[in-house]
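Chemist: Each chain, written out:
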Amino acid sequence: GQQLNQSPQSMFIQEGEDVSMNCTSSSIFNTWLWYKQDPGEGPVLLIALYKAGELTSNGRLTAQFGITRKDSFLNISASIPSDVGIYFCAGLSPHAGGTSYGKLTFGQGTILTVHP
Amino acid sequence: SAVISQKPSRDICQRGTSLTIQCQVDSQVTMMFWYRQQPGQSLTLIATANQGSEATYESGFVIDKFPISRPNLTFSTLTVSNMSPEDSSIYLCSVEDLGALHFGNGTRLTVT
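Heads up: the sequence lines are chains L and C, in that order. Sequential numbering of the first sequence, starting at 289, is according to my numbering. Sequential numbering of the second sequence, starting at 326, is according to my numbering.
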């Protein structure tokens, strides 16, 4: 099946620093989604991208849908301690069929630690 | 977006027993999805639950082990049957809403 390569696997940064993480795939996706998961919680949607080249912001978060449709990145600016968590990318294949968001492929996650 | 409530939020179960996880959504949805997240891992789709028909299972998951019910458009259950320690995971219910997939808070299952 399809695979997403998410990097880095983990990051240790100081409060105030900017963060960047990305996902790449060998095949194209129609939709890219970025989630954050806090301990003991389910993943929460941060940003959804639906069009190649699309650049979308949500507060201090910015994500882009790569032109090739095979990659996406997420940037966090001026990190704060509550940014700590696991960030997942997810892609929806054009072959998933209909609105089969259950066919999302997830990256392995980036564990973010922010030191005050 | 849809509000998804799961219960129990966590449980510790004995090997060989079964646990049924409930998922309630605050709006009617066509499809509900059940995911598994093993410790330190990403999310894996178990099955898609449609109202009025049998669930569709992904490769590696079978109905006898993970029976699913979908009695109406706002509710679903996932049962983890004949549990073993390898079933210790977070089980997540999710629905599509407003162009994206949204998750409940999950059920953290520990099998001893």
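The set of hints was computed from the structure by calculation and includes no laboratory data. These numbers were taken from a predicted model, which means no experiment stands behind them. Here a beta-carbon is modelled for each residue, glycine too, at the ideal position from N, C-alpha and C. Treat the hints with care, since some could be wrong.
[As the list claims (entries may be wrong)] Only some residues are given here: those of chain C computed to face chain L with a beta carbon under 10 Å:
hint	residue
1	Arg340
2	Gln362
3	Cys418
4	Gly424
5	Gly431
[Unchecked claim] Here are the simulated BS3-like cross-link-like pairs (lysine-lysine), alpha carbons at most 27 Å apart as the crow flies:
hint	chain 1	residue 1	chain 2	residue 2
6	C	Lys332	L	Lys391
7	L	Lys358	L	Lys339
8	C	Lys332	L	Lys358
9	L	Lys339	L	Lys391
10	L	Lys358	L	Lys391
11	C	Lys390	C	Lys332
Chemist: Would you mind marking each hint as holding or not holding in the structure?
Modeler: Structure-based check of each hint:
Among the interface hints, the one on C:Arg340 is violated; its C-beta lies about 24 Å from the nearest C-beta in chain L, farther than the 10 Å criterion. Because the smallest distance between the Cβ of C:Gln362 and any Cβ of chain L comes to about 9 Å, under 10 Å, the interface hint for this residue holds. Evaluation of the C:Cys418 hint against chain L yields a held restraint, the C-beta minimum of about 8 Å falling below 10 Å. Proximity of C:Gly424 to chain L holds as hinted, the smallest CB-CB distance being about 6 Å (cut-off 10 Å).
The restraint placing C:Gly431 at the interface with chain L holds, with a minimum CB-CB distance near 5 Å, inside the 10 Å limit. Using a Cα cut-off of 27 Å, the hinted pair C:Lys332 and L:Lys391 holds, with the two alpha carbons roughly 24 Å apart. At most 27 Å may separate the alpha-carbon atoms for a hinted pair to count; L:Lys358 and L:Lys339 meet this at roughly 12 Å. Distance check on the hinted pair: C:Lys332 and L:Lys358 sit about 37 Å apart at the alpha-carbon level, beyond 27 Å; violated.
For the proposed pair L:Lys339 and L:Lys391, the alpha carbon gap of about 18 Å is at most 27 Å, so the pair holds. Taking the CA atoms of L:Lys358 and L:Lys391, the gap is about 16 Å. The hint holds against a cut of 27 Å. Between C:Lys390 and C:Lys332 the alpha-carbon distance is near 19 Å, which keeps this suggested pair within the 27 Å criterion.
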